[in-house]
Every structure is written in C-alpha cells, then in structure tokens.
Amino acid sequence: MTNKIPFLRDDLLLEDSWETLSVSDIDALLPDHFNGREDFVRFWLAANGGYFTKGCVFYRDHFYDVSKDGYTDVEIESFYFIPRHTGDDSPVLLSVRDVWERRKGYSPAMKKFCETHLPFAGDGGDHDYWLDLKTGIIKLMVPEESEDAILIAPSFMDFCSHLQSSRR
1 MTNKIPFLRD DLLLEDSWET LSVSDIDALL PDHFNGREDF VRFWLAANGG YFTKGCVFYR
61 DHFYDVSKDG YTDVEIESFY FIPRHTGDDS PVLLSVRDVW ERRKGYSPAM KKFCETHLPF
121 AGDGGDHDYW LDLKTGIIKL MVPEESEDAI LIAPSFMDFC SHLQSSRR
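Taking full-length UniProt numbering as reference, the numbering of the sequence shown is continuous, increasing by one, and the terminal residue is 168.
It is worth saying that the hints were derived from the structure and are not from the lab.
It cannot be assumed that every hint is accurate.
The calculated lysine-lysine pairs, modelled on DSS-like cross-linking and capped at a C-alpha distance of 27 Å, are [as the list claims (entries may be wrong)]: (1) K104 / K134; (2) K54 / K139; (3) K134 / K111; (4) K111 / K139; (5) K54 / K104; (6) K68 / K4; (7) K134 / K112; (8) K4 / K54; (9) K139 / K4; (10) K139 / K112.
Can you make the complete structure from the sequences, with help from the hints?
Structure (structure tokens):
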C-alpha cells in the first residue's frame, strides 16, 4: 500500500504499512507529550510503518558537522509498525514494541536509554533510529561501535523531510 505520507518527498516509495492507527492507539504507546509529538502522530496516522522498497538515505550534514565521526550519510530501510493488538506480526516490518523490549535486554546502559527513547525505524543492519521522548531529537544507535547515540536530526519532521531516495 502506498500513501501520500506527511513530510516525505514524492520520490520515496514507502510500502507495506501495517493496519491503520487511531490517535488512541498511538496514545496507548506514547501517553506523554514530547517536542514534535504532533508531527509524529500525523505521520503514523498516515502510515503505520513501512518499507522503503527503492531505498532511502539521510545526510546528517543538513544539521550537524559530521567531519569527525564518519557518519555523513545513513540508510533507512523501514519505519517500524505500532501494533494495535497483542500478537500483531508483520511479515515485512518490525514492531516498535518488540524492538523496544529486545533492546532493553542488551545492557544496563541500553535499558536506561530505552526509558527516554523510542525506536521507530531501522537501517537493515540491526541499528535503530530513536526518538528522544524529552527533546524530540532523532538519534541512531550503533552499539557495536559505541554506547553513545549519534545525532541524526533535530526533530522527527526534520528527519522525514530530509530523507532522499538516492545518494548525492
């Protein structure tokens, strides 16, 4: 299924979205306010996750000096889906809840990180994009390289609106 998704460029192909969500479905997962919550909700009401069939890349230098850390461009394979019912399982997408629970078990530091962050997308290499539930900042975790999160974008809308279908 392909929809016009808020904040995404027209040339991005996001497919295989899961069941349509209501605001109350999202509120059940994220009851508290955070910076950019309205944009996050608007996106998930239009697409409950999805797979970038033709690829997707993001360039961090839109927002940050990336000359020192080596992460100029990052790939996004998919947005995770928010399950509506216990046992919901997509043949294509990972569940936000399943990823969140699995990551909590990685280490005490990761469990603490999960208390204030929500995984919402992945890169296909078992690395997650996280929404900081206090600041709204988007981060990437690459745990085999560092316990520190990599800053990706200042907000969910900034992240989505700068996704590209091809490399520069």
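Structure-based check of each hint:
1. K104 / K134: Holds, at about 18 Å.
2. K54 / K139: holds (23 Å)
3. K134 / K111: holds (16 Å)
4. K111 / K139: Distance ~16 Å between K111 and K139 Cα, so the pair holds.
5. K54 / K104: violated (31 Å)
6. K68 / K4: With Cα atoms ~36 Å apart, K68 and K4 exceed 27 Å; violated.
7. K134 / K112: Satisfied, since the Cα-Cα distance of roughly 14 Å is no more than 27 Å.
8. K4 / K54: holds (16 Å)
9. K139 / K4: The hint holds at about 25 Å.
10. K139 / K112: holds (15 Å)
Checked against the numbered hints given earlier, the structure breaks hints 5 and 6 and satisfies all the rest.
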